[in-house]
Amino acid sequence: MQPIAFGPRVIFELPFLDGIPVTETVVNTWLIMIVLVVLSILGTKSFEKVPKGRQNVTELVVDMLNKLTIQTMGEDKKAYAPYMNTLFLLLLFMNLLGLFGLRPPTADLNTTMGMAIMTFVLIHGSGIRKKGVGGYFKGFAEPFVFMIPLNIMGELATPISLSFRLFGNIVGGVIVIALSYGGLTALGEMVGLSALPIFQGAIPVVLHAYFDIFAGVLQSFIFAMLTMVFVALAME
Amino acid sequence: MKRKGSPLENLALVSYIGIAMVVPILAGVVGGRWLDNFFGTRSVFLLILIVSGVIIGFRNVFAITTRNLPPRKRK
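Residue numbers (the numbering used here), protein chains in the order written: chain A, 295 to 530; chain B, 26 to 100.
Isolated chain A, as found in the complex:
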C-alpha cells in the first residue's frame, strides 16, 4: 500500500534556475483565474437596457456583493467593492474546487498567506491614506505610549490568524476526504466489491457537503468579511 501524501504534488518544473517546481496549487489557481476571466468576459458582453438571461445573473451577483460591501463598510467606501467582490469570488471558486476532485489552492499556506498579506497591506495602506502618515502612526500610541510594541504585535497577528484559519479549515477537509476515500476503497476490496465502487461513491458525499460546500463558502465569506471590517476599522 502506498502512503498517502497530503502536500501539493509537483506537476512540472520550469526549466531554468535549476528547475522551479510548479505545484498543483499554482496550476489550479491559474485554472480558476481562466474560468473567472472567461465568466467575466461572457457575463459583461453586450449589455442591454432591459436585462435578460446572462445579464440578469451577472447583475444579480455583482449587485449582491456590492450591497454587502456597502452595508459592511459604509456608503463612503464603495470604491472597495470591486476588490472585495474579486476576493470573495476567487476564494469561493478555490474552496469549491474540491468538489471536482482537484486540490483546492487554499489548502496551501502559500496561497492563504499571500492573500492575508494583501489584506494586511490594504488595511494599513488605507489607514495611512485616510489619516496621513503622522495621524496613522499616532494611533499606535493609544491609549498609552508604552503600548506601541504591543499594538504593533497585535496588528501582525491579523494576517497570521486570517491565513491559518482558512488554510486549516480547507486542508483539514482535504485530509479527511482523502483518508475516507482511501479507507472506503480498502473496505470495498475487503468485502469483494473492488469492481463496484459503492462505498466511495456514496459515503464521501456527506463529507464533501460539509467540508467543501459549507466550510468552503463560510470561510471565503468570513475572509472577505473580515477584510472589509478591518479596512473600514483602520479608516475610522
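Hints were generated in silico from the structure; no laboratory data involved. Fair warning: there could be bad hints in the mix.
[Stated by the list, open to error] Derived DEER-like restraints, expressed as beta-carbon distance ranges:
1. A:W324 x B:G65: 31 to 37 Å
2. B:W59 x A:P345: 55 to 61 Å
3. B:R67 x A:I492: 56 to 62 Å
4. B:A88 x A:A489: 58 to 64 Å
5. A:L450 x B:F63: 18 to 24 Å
6. B:G65 x A:T380: 27 to 33 Å
7. A:I422 x B:F63: 30 to 36 Å
[Stated by the list, open to error] Quick look at which bits of chain B chain A covers, simulated, 3 or more residues with Cβ under 8 Å:
8. 38 to 46
9. 83 to 91
In this text, a Cβ means the ideal position worked out from N, Cα and C, and glycines have one as well.
Given chain A, work out where chain B should sit, using these hints.
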C-alpha cells in the same frame, strides 16, 4: 459615522475572537523558545514573550469587542 453592523458581520467577528486571542500567545511561545535557543538562555525570553503574548491577545479581543461602542463608553 457609526454603523451597528449586520448579523453576518458580527458572526464573522465572533469567529475571529478566539483565534485572535490564541495566535499572539502561540507566537510568543514559538518566538520565545527560538530566542532562548539562539541566546542560550534558559527561559527568560519564553516567559517575557508569553506574558506579552497574553497581553496582546487580550488587547485584540478588547479592540474587537468594543469597536462598536462610542469612545466615551469604552473606559
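Hints and how they fare:
Restraint check, A:W324 to B:G65: a C-beta distance of roughly 47 Å breaks the suggested window 31 to 37 Å. Hint check: B:W59 to A:P345, Cβ distance near 58 Å, so the stated range 55 to 61 Å holds. Take B:R67 and A:I492: their Cβ atoms lie about 59 Å apart, and the range 56 to 62 Å holds. For the pair B:A88 and A:A489, the beta carbons lie near 59 Å from each other, so the given range of 58 to 64 Å is met.
Hint check: A:L450 to B:F63, Cβ distance near 20 Å, so the stated range 18 to 24 Å holds. B:G65 and A:T380 have their C-beta atoms about 49 Å apart, which leaves the hinted 27 to 33 Å range violated. Distance hint check for A:I422 and B:F63: the Cβ-Cβ separation is about 33 Å, which falls inside the suggested range of 30 to 36 Å. Counting residues of the region 38 to 46 of chain B whose CB lies closer than 8 Å to any CB of chain A gives 5, which reaches the minimum of 3, so the coverage claim holds.
With 3 residues having a beta carbon nearer than 8 Å to a beta carbon of chain A, the region 83 to 91 of chain B meets the requirement of three or more and the stated coverage holds.
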